[in-house]
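Input sequences plus hints: build the corresponding full structure.
Residue numbers (my numbering), protein chains in the order written: chain P, 1 to 114; chain E, 1 to 116.
No lab work stands behind these hints, which were simulated from the structure alone.
Do not rely on the hints blindly, as some may be mistaken.
To be verified - Here are the simulated lysine to any residue pairs, SDA-like style, with alpha carbons at most 25 Å apart:
(1) Lys49(P) x Gly28(E)
(2) Lys58(P) x Gly3(E)
(3) Lys11(E) x Pro40(P)
(4) Lys57(E) x Lys71(P)
(5) Lys49(P) x Ile26(E)
(6) Lys49(P) x Gln50(E)
(7) Lys69(P) x Ser99(E)
(8) Lys57(E) x Gln2(P)
(9) Lys57(E) x Asn95(P)
(10) Lys57(E) x Ser3(P)
(11) Lys49(P) x Ala31(E)
(12) Lys61(P) x Leu96(E)
(13) Lys49(P) x Ser27(E)
(14) Lys49(P) x Gly97(E)
(15) Lys58(P) x Leu96(E)
(16) Lys49(P) x Gly51(E)
(17) Lys11(E) x Gly51(E)
(18) Lys71(P) x Thr104(E)
(19) Lys57(E) x Lys61(P)
(20) Lys49(P) x Glu103(E)
Said to hold, decoys possible - Computed from the model, here is a short list of chain P residues facing chain E with C-beta under 8 Å:
(21) Leu13
(22) Lys58
(23) Phe90
(24) Arg100
Just so you know, even glycine gets a beta-carbon here, dropped at the ideal spot from N, CA and C.
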Amino acid sequence: AQSVSQHNHHVILSEAASLELGCNYSYGGTVNLFWYVQYPGQHLQLLLKYFSGDPLVKGIKGFEAEFIKSKFSFNLRKPSVQWSDTAEYFCAVNNAGNNRKLIWGLGTSLAVNP
Amino acid sequence: GAGVSQSPSNKVTEKGKDVELRCDPISGHTALYWYRQSLGQGLEFLIYFQGNSAPDKSGLPSDRFSAERTGGSVSTLTIQRTQQEDSAVYLCASSLGTSGSHETQYFGPGTRLLVL
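In structure tokens:
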């Protein structure tokens, strides 16, 4: 069965620090990969996604993620975080075949101190 | 344009009662999904509708849970004889389609259900 693992449950950073959140998935077939973000009091919104092509994808607000197929990983990065990046970050995967349901990681809570 | 809307935003009910949760997808989106987010757990897929195809109900946790999608638009998730373990945030999402970039899912604000 598909599963998604996010290595960091809670991360605390100071502004301007670099960020990398780990995401690994288990599935032998072709996948689509997503990072969603949930800011305090707001609903889930898409940060970035990978379907095919260039494995380095760029999203909103300066975030990027790299798909490394051999490592089954899709880590999220940002070179310099801001206080406004404080949020919950979720990695999700779905089967690029017929099944469209998203399988989710447990999320990483990021707190950025000003 | 308008996003996915859900109602009610909060629902408190007593154990054993039935509840109905509503989702209005983005206009023109053919696919609709329900997920559940329980405290301390990740998001859990419940059910998926795509056009006129039979829904994928593989995520429904028990036969107390059911969902309908009328006219290819609005969806209702019904939980019968609610139990305390049903307490969670129920999220609805919709997507334009199911291929390529059309399958990006857009989420509503959720319904927070508390079963006493």
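Now the hints, each set against the structure:
As the CA atoms of Lys49(P) and Gly28(E) are separated by approximately 21 Å, the hinted pair is consistent with the 25 Å bound. Of the pairs offered as hints, the one joining Lys58(P) and Gly3(E) holds, with about 23 Å between alpha carbons and a cut-off of 25 Å not exceeded. For the hint linking Lys11(E) to Pro40(P), the alpha-carbon distance of about 20 Å falls within 25 Å, and the restraint holds. Between the alpha carbons of Lys57(E) and Lys71(P) the distance comes to roughly 31 Å, so the proposed pair goes past 25 Å and is violated.
A distance of roughly 20 Å separates the Cα atoms of Lys49(P) and Ile26(E); the hinted pair therefore holds under the 25 Å criterion. Taking the CA atoms of Lys49(P) and Gln50(E), the gap is near 21 Å; set against the 25 Å cutoff, the hint holds. For the hint pairing Lys69(P) with Ser99(E), the CA-to-CA distance comes to about 21 Å; that is within 25 Å, so the pair holds. Among the hinted pairs, Lys57(E) with Gln2(P) is consistent with the structure: their alpha-carbon atoms are about 17 Å apart, no more than 25 Å.
A hinted pair counts as satisfied when its Cα atoms are at most 25 Å apart, and Lys57(E) with Asn95(P) qualifies at roughly 16 Å. Note on Lys57(E) and Ser3(P): the hinted pairing holds, with a Cα-Cα distance of about 19 Å set against a maximum of 25 Å. Annotation: proposed proximity of Lys49(P) to Ala31(E) holds, straight-line Cα distance about 18 Å (limit 25 Å). Between the alpha carbons of Lys61(P) and Leu96(E) the distance comes to roughly 24 Å, so the proposed pair stays at or under 25 Å and holds.
The straight-line distance between the Cα atoms of Lys49(P) and Ser27(E) is roughly 22 Å, inside the 25 Å bound, and the hint therefore holds. In summary, the hint linking Lys49(P) to Gly97(E) is supported, as the alpha carbons are separated by about 16 Å, within the 25 Å threshold. For the given pair, Lys58(P) sits about 22 Å from Leu96(E) by alpha-carbon distance, which is consistent with the 25 Å threshold. Note on Lys49(P) and Gly51(E): the hinted pairing holds, with a Cα-Cα distance of about 24 Å set against a maximum of 25 Å.
Between the alpha carbons of Lys11(E) and Gly51(E) the distance comes to roughly 29 Å, so the proposed pair goes past 25 Å and is violated. Taken as a hint, the Lys71(P) and Thr104(E) pair is honoured in the structure, with Cα atoms around 24 Å apart against an allowance of 25 Å. Taking the CA atoms of Lys57(E) and Lys61(P), the gap is about 36 Å. The hint is violated against a cut of 25 Å. In summary, the hint linking Lys49(P) to Glu103(E) is supported, as the alpha carbons are separated by about 11 Å, within the 25 Å threshold.
The closest approach between the C-beta of Leu13(P) and any C-beta of chain E is roughly 22 Å, which is over the 8 Å cut-off, so the hint fails. Using the Cβ-Cβ criterion of 8 Å, the hint placing Lys58(P) at the interface with chain E is not satisfied: the shortest such distance is roughly 15 Å. Interface hint status for Phe90(P): upheld, as the beta-carbon distance to the closest one in chain E is roughly 7 Å, under 8 Å. Because the closest C-beta pair between Arg100(P) and chain E is about 5 Å apart, less than 8 Å, the hint holds.
The structure does not agree with the numbered hints 4, 17, 19, 21, 22 stated previously, though it agrees with the rest.
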